[in-house]
Amino acid sequence: MDRDAESAEQTQVDGLKEIIERPKWDNKVQYLLTCIGFAVGLGNVWRFPYLCQIYGGGAFLIPYAIALVFEGLPLLHMELAIGQRLRMGSVGVWNSISPYLGGLGVASLVVSFLVGLFYNMILAWILWYFFHSFQNPLPWRDCPLNFESDCECEKSSPVNYFWYRETLNITPNIETSGSVQWWLVLCLASAWCLVYICFIRGIETIGKAIYVTATFPYLVLTIFLVRSLTLAGATDGLIYLFTPNWETLKNPKVWLDAATQIFFSLSLAFGGLIAFSSYNAQKNNCERDALIVGCVNSFTSIYASIPIFAILGFKANENYNDCKQWNILRLTNSFNIGDENITLENYDDWFKYLNKTDPSEVKSLNLKTCNLQTFLDQSASGTGLAFIVFTEAVIKMPGSQVWAVLFFVMLFSLGLSSMFGNLEGVLTPLLDLHMIPPWIPKEIFTGLICLTSFTVALIFTLGSGNYWLEIFNSYVGSMPLLIIAFFEIISVVYIYGINKFNDDIEWMSGRRPNIYWQATWRFISPFMLLVVFVAYVVVEAEKQPTYNAWNPDYVQFPLADVQPYPEWVFVICVLLSVLPVVPIPLVALYKLMGFLKKYIMDRHNQNPYANELCHGEL
113 MDRDAESAEQ TQVDGLKEII ERPKWDNKVQ YLLTCIGFAV GLGNVWRFPY LCQIYGGGAF
173 LIPYAIALVF EGLPLLHMEL AIGQRLRMGS VGVWNSISPY LGGLGVASLV VSFLVGLFYN
233 MILAWILWYF FHSFQNPLPW RDCPLNFESD CECEKSSPVN YFWYRETLNI TPNIETSGSV
293 QWWLVLCLAS AWCLVYICFI RGIETIGKAI YVTATFPYLV LTIFLVRSLT LAGATDGLIY
353 LFTPNWETLK NPKVWLDAAT QIFFSLSLAF GGLIAFSSYN AQKNNCERDA LIVGCVNSFT
413 SIYASIPIFA ILGFKANENY NDCKQWNILR LTNSFNIGDE NITLENYDDW FKYLNKTDPS
473 EVKSLNLKTC NLQTFLDQSA SGTGLAFIVF TEAVIKMPGS QVWAVLFFVM LFSLGLSSMF
533 GNLEGVLTPL LDLHMIPPWI PKEIFTGLIC LTSFTVALIF TLGSGNYWLE IFNSYVGSMP
593 LLIIAFFEII SVVYIYGINK FNDDIEWMSG RRPNIYWQAT WRFISPFMLL VVFVAYVVVE
653 AEKQPTYNAW NPDYVQFPLA DVQPYPEWVF VICVLLSVLP VVPIPLVALY KLMGFLKKYI
713 MDRHNQNPYA NELCHGEL
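Numbering (the working numbering), first residue to last: 113 to 730.
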């Protein structure tokens with residue numbers, strides 16, 4: 113037996129040994145909860161409601177459902193099935209299909225690592241707010257007594273001031289780095305320690321922690337649902353959410369955002385789902401698992417939107433009444449009207465009467481424009497929803513400390529379960545690549561990954577850290593995932609072979625995929641991914657990248673100062689979009705060069721005189 117044959121046989125034996133020794137989930141519930149916890153994350157609570165708000169309420173559910181059926185579920189089923197069948201992480205799966213596809217796994221690894229960096233920084237912010245939620249009164253209720261900070265706080269609001277100054281100590285722009293905020297460093301270290309403790313033994317410890325992290329958010333959401341529906345103005349918020357504006361469906365960006373939302377919400381192309389399914393028994397109905405995880409994820413988005421919008425409706429009504437109360441005070445002082453005569457209920461009648469009898473005097477008072485619809489239109493997503501809009505609503509609710517604690521514990525649980533998938537998407541491919549020396553225990557290696565991630569993520573604790581986090585969030589978790597997912601589905605259908613894949617699923621689940629799965633895998637899903645990718649590139653190319661700077665010297669402060677990214681920052685944005693997928697062509701090119709070199713060597717060994725013949729030396 114020659115050396116190549118021996119090497120191939122040894123590789124096969126090592127692969128079989130790894131499959132036999134690969135750990136397994138204790139039970140099916142652990143596996144499903146872990147997949148659900150990875151898919152259901154912060155985006156379900158603070159991104160989906162925002163998209164519903166700006167894109168016509170209930171009308172947005174139509175493109176969202178289409179994207180779920182024809183893009184999300186097929187890709188989810190494919191990743192769960194291929195990981196379960198081959199029982200490897202992302203690198204091992206694509207390498208086994210073809211050596212030229214190994215770069216797909218490396219690309220997923222890089223994306224998971226970069227996303228984990230900023231995702232855990234959000235958990236650090238949540239911990240900071242959680243620690244302060246036990247104070248009475250809540251520290252973001254009133255402006256600080258410090259005279260130097262009082263002016264900035266009064267111009268904005270106590271909630272804005274606590275977020276931008278007390279928490280982030282944000283710089284006026286991204287080019288001003290600022291210093292490291294020690295309190296954020298401590299919170300970031302705490303977040304990574306908690307992730308490491310839950311992840312230290314892989315699925316053994318994840319499987320135990322997931323019972324809490326994946327289920328507790330639903331308990332809190334239910335508590336918030338019951339409480340929020342009893343708040344004044346909750347009905348206005350729900351009407352605003354579910355009243356469809358069909359005109360918005362004519363906007364192509366609605367369909368683009370719906371496609372990307374369901375894609376990123378299910379955590380596809382990160383490699384984490386492939387890794388989790390690889391710990392399954394091979395005889396398992398992965399089709400049913402995909403339907404459960406996908407439907408639970410979408411249900412959670414809608415379920416979370418109800419209490420969120422009920423509370424936003426309450427906040428809008430409170431702001432609306434505060435606005436009218438401020439105007440009432442101005443009117444009573446100017447027209448010498450008794451306080452008991454003008455009330456919130458008859459304010460509109462009094463305003464029309466005074467504006468008719470003495471319009472010049474009313475105009476001179478510079479009264480605020482009080483419109484409930486305007487306050488409902490004040491949308492916010494991401495950090496703005498969690499740390500500004502919601503915290504402002506909480507301080508107006510009875511027992512505000514209790515609601516603040518529950519809210520931030522819920523957010524932390526959602527983020528922690530998603531971090532399990534991000535870290536698994538990094539660790540499992542490294543194990544597949546045999547990059548862990550045998551003398552280093554897995555627990556130590558996991559700790560080194562967490563320590564490295566913590567060190568790199570210190571950039572987010574700078575005064576400019578929030579700007580950099582927005583960049584990572586916008587560019588790492590967008591185009592790279594679309595490219596990875598497109599090559600994944602092409603690889604399975606046209607390289608691994610759709611018929612072979614169908615045979616594998618039939619062997620695992622006992623039935624062959626139906627025509628729906630066949631049509632989406634072969635044609636619809638790849639086409640949709642390609643269209644979404646092209647549309648995303650076109651949309652990004654048409655606009656100049658800008659960011660919102662929190663600048664106290666800005667003329668319209670407290671409104672954000674919209675600034676274009678400096679050229680060197682824009683270059684970094686492009687690199688974050690491109691570098692994660694560079695391993696795909698690089699690995700393929702490296703394997704191709706190795707094949708050509710081997711081919712030339714084989715030809716030379718078959719005819720050792722070929723070189724001399726070419727030079728006419730014989």
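Hints were generated in silico from the structure; no laboratory data involved. Even glycine gets a Cβ: it sits at the ideal position worked out from N, Cα and C. Some clues are possibly wrong.
What the hints assert, rightly or not - Using 27 Å as the maximum straight-line C-alpha spacing, the simulated BS3-like pairs for lysine-lysine come out as follows:
1. Lys436 to Lys468
2. Lys468 to Lys267
3. Lys395 to Lys612
4. Lys436 to Lys475
5. Lys395 to Lys136
6. Lys395 to Lys436
7. Lys508 to Lys267
8. Lys508 to Lys140
9. Lys436 to Lys508
10. Lys267 to Lys140
11. Lys136 to Lys612
12. Lys480 to Lys468
13. Lys395 to Lys140
14. Lys267 to Lys554
15. Lys436 to Lys140
16. Lys480 to Lys508
17. Lys655 to Lys136
18. Lys267 to Lys436
19. Lys362 to Lys655
20. Lys508 to Lys554
21. Lys703 to Lys612
22. Lys480 to Lys464
23. Lys436 to Lys136
24. Lys703 to Lys320
Stated by the list, open to error - Here are the in silico distance ranges between beta carbons for each label pair:
25. Ser302 to Tyr606: 24 to 32 Å
26. Leu477 to Val683: 33 to 41 Å
27. Val338 to Gln394: 42 to 50 Å
28. Gly290 to Lys655: 53 to 61 Å
Tested hints:
Restraint check for Lys436 and Lys468: satisfied, since their Cα atoms lie roughly 18 Å apart, inside the 27 Å limit. Annotation: proposed proximity of Lys468 to Lys267 is violated, straight-line Cα distance about 32 Å (limit 27 Å). Distance restraint check for Lys395 and Lys612: the Cα-Cα separation of roughly 16 Å lies within the 27 Å cut-off, and the hinted pair is therefore satisfied. Note on Lys436 and Lys475: the hinted pairing holds, with a Cα-Cα distance of about 15 Å set against a maximum of 27 Å.
A C-alpha spacing of about 13 Å is found between Lys395 and Lys136, which places the hinted pair at or below 27 Å, so the restraint holds. For a cut-off of 27 Å, the pair hint linking Lys395 to Lys436 is broken: about 65 Å separates their Cα positions. Restraint check for Lys508 and Lys267: the C-alpha separation of about 20 Å stays at or below 27 Å, so the hint holds. A threshold of 27 Å between alpha carbons decides the hint, and for Lys508 with Lys140 the separation of about 43 Å lies outside it, so the pair is violated.
Proximity of Lys436 to Lys508 is assessed by CA-CA distance (about 17 Å); at most 27 Å being required, the pair is judged to hold. Restraint check: the Cα-Cα separation between Lys267 and Lys140 comes to about 54 Å, which exceeds 27 Å; the hinted pair is violated. For the proposed pair Lys136 and Lys612, the alpha carbon gap of about 25 Å is at most 27 Å, so the pair holds. Pair hint Lys480 plus Lys468 holds up; C-alpha atoms about 17 Å apart against a cutoff of 27 Å.
Distance restraint check for Lys395 and Lys140: the Cα-Cα separation of roughly 12 Å lies within the 27 Å cut-off, and the hinted pair is therefore satisfied. For the proposed pair Lys267 and Lys554, the alpha carbon gap of about 52 Å is over 27 Å, so the pair is violated. With a C-alpha separation of about 56 Å, the suggested pairing of Lys436 with Lys140 is violated against the 27 Å cut-off. Taking the CA atoms of Lys480 and Lys508, the gap is near 21 Å; set against the 27 Å cutoff, the hint holds.
Between the alpha carbons of Lys655 and Lys136 the distance comes to roughly 48 Å, so the proposed pair goes past 27 Å and is violated. Our distance criterion of 27 Å between C-alpha atoms is met by Lys267 and Lys436, whose separation comes to about 19 Å. For the hint pairing Lys362 with Lys655, the CA-to-CA distance comes to about 20 Å; that is within 27 Å, so the pair holds. Proximity of Lys508 to Lys554 is assessed by CA-CA distance (about 48 Å); at most 27 Å being required, the pair is judged violated.
Between Lys703 and Lys612 the alpha-carbon distance is near 24 Å, which keeps this suggested pair within the 27 Å criterion. At roughly 14 Å between alpha-carbon atoms, Lys480 and Lys464 fall within 27 Å of each other, so this suggested pair holds. At most 27 Å may separate the alpha-carbon atoms for a hinted pair to count; Lys436 and Lys136 exceed this at roughly 61 Å. For the suggested pair Lys703 and Lys320, the alpha carbons sit about 41 Å apart, so the restraint of at most 27 Å is broken.
Separated by about 47 Å at the C-beta atoms, Ser302 and Tyr606 break the suggested range of 24 to 32 Å. In this structure the hint that Leu477 and Val683 lie 33 to 41 Å apart at CB is violated, the actual value being about 51 Å. Separated by about 43 Å at the C-beta atoms, Val338 and Gln394 satisfy the suggested range of 42 to 50 Å. Distance hint check for Gly290 and Lys655: the Cβ-Cβ separation is about 27 Å, which falls outside the suggested range of 53 to 61 Å.
The earlier numbered hints that this structure contradicts are 2, 6, 8, 10, 14, 15, 17, 20, 23, 24, 25, 26, 28.
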